[in-house]
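Sequences listed follow chains A and B, in order.
Last residue of the first sequence: 308 in the numbering used here, with the numbers rising by one and none dropped.
Last residue of the second sequence: 546 in the numbering used here, with the numbers rising by one and none dropped.
Derived from the structure by calculation, the hints contain no laboratory data.
Don't take each hint at face value.
[As the list claims (entries may be wrong)] Partial chain A-side listing against chain B, Cβ under 10 Å, derived:
id : residue
1  : R42
2  : G136
3  : V155
[To be verified] BS3-like, lysine-lysine: derived pairs with alpha carbons at most 30 Å apart:
id : chain 1 : residue 1 : chain 2 : residue 2
4  : B       : K119      : A       : K85
5  : B       : K359      : B       : K421
6  : B       : K204      : A       : K85
7  : B       : K374      : B       : K359
8  : B       : K310      : A       : K85
9  : B       : K204      : B       : K233
10 : B       : K484      : B       : K474
11 : B       : K359      : B       : K95
12 : A       : K124      : A       : K212
13 : B       : K33       : B       : K95
14 : B       : K474      : B       : K348
15 : B       : K191      : B       : K203
16 : B       : K348      : B       : K359
17 : A       : K85       : B       : K361
18 : B       : K232      : B       : K203
19 : B       : K310      : B       : K374
20 : B       : K310      : B       : K361
21 : A       : K85       : B       : K191
22 : B       : K421      : B       : K310
23 : B       : K348      : A       : K85
24 : A       : K85       : B       : K33
[As the list claims (entries may be wrong)] Residues on chain B that point at chain A, a partial pick, calculated with CB under 10 Å:
id : residue
25 : D44
26 : S47
27 : Q131
28 : S171
29 : L250
30 : Y346
Where a beta carbon is used, it is the ideal one built from N, C-alpha and C, also for glycine.
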Amino acid sequence: MSGRYLVGRLGQSLLILLGISFVTYVLVYLVPADPVRQIAGRSATPATVEAIRAQLGLDLPLWHQYLRYLSNLLQGDLGRSYLQKTEVTTLILARLPATLELMAGAITVELLLGLPLGVYAATKRGRAADRAVMVGAFTVVSAPQFVVGILLLYVFAVRLAWFPIGGYGTLPHLVLPALTLGLLGAGWYARVARSAMIDVLRQDYVTTARAKGASPARVLLVHALRNAALPVVAMIGLDVGLFMSGAVVVESVFGWPGIGQLAWQAIQRLDIPIIVGVTLVAAVGIVIGNLVADLIAPLIDPRIKLRA
Amino acid sequence: MRHLLATSALALPIALSLAVVVPADARAQDAPKQGGEMIVTYKDDVSTLDPAIGYDWQNWSMIKSLFDGLMDYVPGTTDLVPDLAQGYEISDDGKTFTFQLRDGVKFHNGRTLVAGDVKYSIERAVRPETQSPGAGFFNMIEGFDDVQAGKAKALSGIEAPDDKTVVFHLSRPDATFLHVLALNFAHAVPKEAVEAEGADFGKKPVGTGAFRLAEWTLGQRLVFERNPDYYKKDRPRLDRITFEIGQEPLVALLRLQRGEVDILGDPIPSAKFLEVRNDPEWGDNIVEGGQLQTGYVTMNVNVPPFDDLKVRQAVNFAINKDRIVRILNGRAVPANQPLPPAMPGYAKGYEGYAFDPEKAKALLKEAGTEGGVKTELLAMNTEPNPRIAQAIQQDLAAVGIDAQLRPLAQANVIAAGGEPKGAPMIWSGGMAWIADFPDPSNFYGPILGCAGAVPGGWNWAWYCNKNLDAKAAKADAMVGDDQKQARLDLWQEVFLDVMKDAPWAPVFNEQRFTMKSDRMVGPDAIFVDPVHIPVNYDEVGVNDAQ
Chain A
1 MSGRYLVGRL
11 GQSLLILLGI
21 SFVTYVLVYL
31 VPADPVRQIA
41 GRSATPATVE
51 AIRAQLGLDL
61 PLWHQYLRYL
71 SNLLQGDLGR
81 SYLQKTEVTT
91 LILARLPATL
101 ELMAGAITVE
111 LLLGLPLGVY
121 AATKRGRAAD
131 RAVMVGAFTV
141 VSAPQFVVGI
151 LLLYVFAVRL
161 AWFPIGGYGT
171 LPHLVLPALT
181 LGLLGAGWYA
191 RVARSAMIDV
201 LRQDYVTTAR
211 AKGASPARVL
221 LVHALRNAAL
231 PVVAMIGLDV
241 GLFMSGAVVV
251 ESVFGWPGIG
261 QLAWQAIQRL
271 DIPIIVGVTL
281 VAAVGIVIGN
291 LVADLIAPLI
301 DPRIKLRA
Chain B
1 MRHLLATSAL
11 ALPIALSLAV
21 VVPADARAQD
31 APKQGGEMIV
41 TYKDDVSTLD
51 PAIGYDWQNW
61 SMIKSLFDGL
71 MDYVPGTTDL
81 VPDLAQGYEI
91 SDDGKTFTFQ
101 LRDGVKFHNG
111 RTLVAGDVKY
121 SIERAVRPET
131 QSPGAGFFNM
141 IEGFDDVQAG
151 KAKALSGIEA
161 PDDKTVVFHL
171 SRPDATFLHV
181 LALNFAHAVP
191 KEAVEAEGAD
201 FGKKPVGTGA
211 FRLAEWTLGQ
221 RLVFERNPDY
231 YKKDRPRLDR
241 ITFEIGQEPL
251 VALLRLQRGE
261 VDILGDPIPS
271 AKFLEVRNDP
281 EWGDNIVEGG
291 QLQTGYVTMN
301 VNVPPFDDLK
311 VRQAVNFAIN
321 KDRIVRILNG
331 RAVPANQPLP
341 PAMPGYAKGY
351 EGYAFDPEKA
361 KALLKEAGTE
371 GGVKTELLAM
381 NTEPNPRIAQ
391 AIQQDLAAVG
401 IDAQLRPLAQ
411 ANVIAAGGEP
421 KGAPMIWSGG
431 MAWIADFPDP
441 SNFYGPILGC
451 AGAVPGGWNW
461 AWYCNKNLDA
471 KAAKADAMVG
481 DDQKQARLDL
491 WQEVFLDVMK
501 DAPWAPVFNE
511 QRFTMKSDRM
521 VGPDAIFVDP
531 VHIPVNYDEV
541 GVNDAQ
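So here's chain B without its partners, still in its complex pose:
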């Protein structure tokens, strides 16, 4: 579904991304007038607008404009801020979170939001019959296992003692819980509307968000209209957004250049990217931002030759990342550690394994592999991944590693990675990894922790370091505001320790580019908002608003 560079086409983890320059509060600057409308194009139809179900980069941002949760982010940043909650308290043991709801929040059907709605909505996302792809995020709430197993309908760890108070009891202290409450899966839905519409709720969404759905003509268009009862009186900026569906990215680009549309929902087509970027007339209409994404090569630490640390380090030294970035027309930056630069906890001064084929050869010699190393490199078979994998293959050949390239369908690569000895090496492009929320822990557990090194898991290097797992658990138990920096420092240590063991060779971090028409106004940060793709619909405005 998603064909931007190497990112996910699979279960569509949400591409969180980060502006290169992030103002403290994008709202403070450059405030356009309220009013006006814009047109956004997409190739594919929107699958659903149900916050418990929607989990692709197209509907993620739309759902955020129709619904709200207890927590959100300051527009254009990754800074958490209460949304439907007026404020919250965390108990000293980090296991009880108490939220006070804001007054006067109404659903699009006119009913006032109460604490029971928050409880209902999260329980709905966790219940197996909802088939929510986000259910697993709530595993720290007490009673999660019983609800998932179908033994209980309600989560014992959520209480609504009165209409304005929601209390969460967690089974372990978890510093990521506030991020989890900012995910769409935790957004408030009204029970009566969900029950009235049943499975069709995703086509007839009712939330508390800045916009409400006014029209959805299948396969043609969706129209969002300003919610006059929205609790933030100065939002949204626009009166109306029309999403035109079925537009090929190339056609959409031509229409934008003719002034017929305002935002390209899909990425700029690769074939036109450099031409448009370098065009003096259009270059300024493209806003660049980072993404919370890393593309990497996994080396299965239980399979020869990668059971030898020296060979893994040699691979890290052998790959020419700058060349690969050039292959991508500069739509990425070279990576030297698992965390992307935009992620809190990223080690700025760290140099990692800089490109050095001679050093790689020396390490291979030390490892006693003079006779040459033979192995396999698996990669997803859609562009640009085979090209990237070929570049890696050539780099490895240059130092004496003969890696046979096996381009396979996405599902086959994922299946092979999830088997204990299924794949010696995998190029992760098109599959992993993009963070679901801006916190370093999301880049560890499933892909580098012992919990992910299980059959069917995502830790394709099968790297399991109990000491690091303990450090990670310690970091996530640091929930206090005063522990924030210490926690990030600890996480940074974890990832640099990972690099010492070199189960991965990090290759690049994708960049993101949003193309907008001349009418669009607002700070750059909201056009590459970390949690909104392509743009933050609530925040953008037009210069001809009346």
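Pulled out of the complex, with its shape left as it was, chain A reads as follows:
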């Protein structure tokens, strides 16, 4: 792996983050609501409202506010929440482990369900089993996560009482939220793995392997799967972005104390420092996810060369 490539990619990533921080800041600035009025309350006089606006620096021009935010950001300071008055870094750090745990659970679900089902469907191409898997995949990809979450909750937690109804802390608490978040990806993985596998199974080297007398399992798992896995691995990197949006919904349904829930509450209360902070952290996650996916690709397929 080229060191130059890595440096180049890191530089690109920083630019992307800078762009994201700017776009988020501008979007929040354009929201037709006044956070100062929210802080000051309805009994405040116009003078009080203006005093608070000045204290928060919200009376400054947008570019000035943004530069100030950026200079604090470079020192690792995401500011304080307008309404909670707590440091945004503290709020995010308190909730990040829960979101990471949920994501790890969701990736596990995606891989354990999506990959084997996709491979299985490829080997049964055109038959009933293949169609059943593809219809199933299509269904979970199309279903809104809010509905899937409530449905799983109702069946497995309320009716069957196999899992706790929402909450956080133990492995049983993780199962349903991870399943809800992971099912969508599992559907995609199954479809992608199936088509990659079908493609690979047509290749000459697979035919050669078969001709040399390798067992069907060996052909599938050793010769074919390695190449078919490549697009799936690339998808994991992209999944981080998908998870960030999914986490907002899933964390709300299951009462999962992650940063998605934090963001949702902040949006409702127009707590700008939290909204921008969570967006940035999410963006960092997505950028790292993509970077890792790119770096792993040549390890799986040595034909891929990384160029700066």
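Dock chain B against the given chain A, drawing on the hints supplied.
This is chain B only, laid out in the frame that chain A set:
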């Protein structure tokens, strides 16, 4: 943040509410044993427990259990009673209030409360750097303007001549001052703890209240533990309260029905409301109470066609309030005047403008609008407000008023209402008005008085009647105990005079419903306590306390 019916999501005025049946003293009845614990669920994390900052319906009641002020209310009622004060005296001119502090009150850090703490706490709430949403409530204290403007740090109108005495000097006699002292913004905080924690005091609160904060895991749970040094030895009833955060209301309801939680902090989800209410197994676990809230339509009296009294009266006759209440599954009662029924000063026998489309048409004819009236109705764009506004629109169409509906984001409606000719009509749901304290004056000044009819104000009808302002000022100057009834009568007159000018069409008053588990005990009034939402945490108990 708040998604109960039409109430506030904005700066979160506190939903004061009132039990339908209010016993003289809820404490006297049905006394459960002390001890035990309960679990309360909430969807959103608690924003802060700093009494100078917290101003939403979720933290309001929590803060009341961690802190105390000079005044409070008898549990389950709107009757004022001294709390940290042993007693008080009001001077004849109504401008000097002298309080004697109770002995033996200690902060959670072990220090004894002194008069200087009360002075410090109120000054802290007023200082602009605190950014307290409650600062404006203290505007009657001498020196308020100087502190707000940053010219002074201390309020010249508060003195602490010794450790047990606090004296307030007001710039005008004000009968609402005792209510203001019962607001959370006036609760006592220890200076040393505030200074040690700085902006984090809201996460590490230290008060004198019945409970102290034992644990706060962000986004997950808060745990309140009994304060062993609390000055009322028989309170709180519970040893411990756990607030579980992040629970969707629907999930919380299912958990309550499985016996896993005791109180739903958030309202019962609308989709399940009728089902649960009518369920013989669960109907009895729901306690109903009134709220100090009115939903109304404002008509801008400076904008045609509403500059004509007859048109405003016609709108009042045209709206079918019973139908709107049905749209809300019965979670409200029809209103006929600005004050809600639970508010002192409410006119019981008053009938107002009963639904009568024919009369409305006749009035419009008298107003000379045969060609039809065209106007606009602004409403907040979140449920159930668009549905309510549509019902109003249909009622108006039936009598010949063509109101174009404009559903907008909350901030846009508020901004339009605050412009002199920004909005001919506004449906107030989701924005206004809920009283901050149980006194009729809180329903006049900002929303019907001349002071509110200013750019950026809340008097969206732009109604300004100098005679009524004078009456209101006269009523608020009646501070004596012997003048209480005369004052309420005067206020009642003010609101009935408002109805003669019809700047509003009052539509309904929201009801409030608290759902509790079978373990919970205590009189109904404390489960819909007027100043505690969802329940009065100090007063409720469980039947399995050891």
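Evaluation of the provided hints:
1. R42: holds, 5 Å
2. G136: violated, 27 Å
3. V155: violated, 12 Å
4. K119(B) <-> K85(A): This hinted pair holds, its Cα atoms lying about 23 Å apart.
5. K359(B) <-> K421(B): holds, 28 Å
6. K204(B) <-> K85(A): Holds - the C-alpha atoms of K85(A) and K204(B) are around 12 Å apart, at most 30 Å.
7. K374(B) <-> K359(B): Roughly 19 Å separates the two Cα atoms, so the pair holds.
8. K310(B) <-> K85(A): Distance of about 50 Å is beyond 30 Å: violated.
9. K204(B) <-> K233(B): holds, 24 Å
10. K484(B) <-> K474(B): holds, 13 Å
11. K359(B) <-> K95(B): violated, 48 Å
12. K124(A) <-> K212(A): Within the cut-off at roughly 23 Å; holds.
13. K33(B) <-> K95(B): violated, 43 Å
14. K474(B) <-> K348(B): holds, 23 Å
15. K191(B) <-> K203(B): holds, 16 Å
16. K348(B) <-> K359(B): Judged against 30 Å, a Cα distance of about 23 Å means the pair holds.
17. K85(A) <-> K361(B): violated, 54 Å
18. K232(B) <-> K203(B): Status holds; Cα separation ~25 Å.
19. K310(B) <-> K374(B): holds, 15 Å
20. K310(B) <-> K361(B): Status holds; Cα separation ~10 Å.
21. K85(A) <-> K191(B): Roughly 18 Å separates the two Cα atoms, so the pair holds.
22. K421(B) <-> K310(B): OK: K421(B) and K310(B) at ~20 Å, within 30 Å.
23. K348(B) <-> K85(A): Given pair K348(B), K85(A) is violated - Cα atoms ~45 Å apart, limit 30 Å.
24. K85(A) <-> K33(B): Cα-Cα ~38 Å, so violated.
25. D44: holds, 5 Å
26. S47: With Cβ-Cβ at 5 Å, under 10 Å, it holds.
27. Q131: holds, 5 Å
28. S171: violated, 15 Å
29. L250: Hint on L250(B): holds, closest Cβ of chain A at ~7 Å, below 10 Å.
30. Y346: violated, 22 Å
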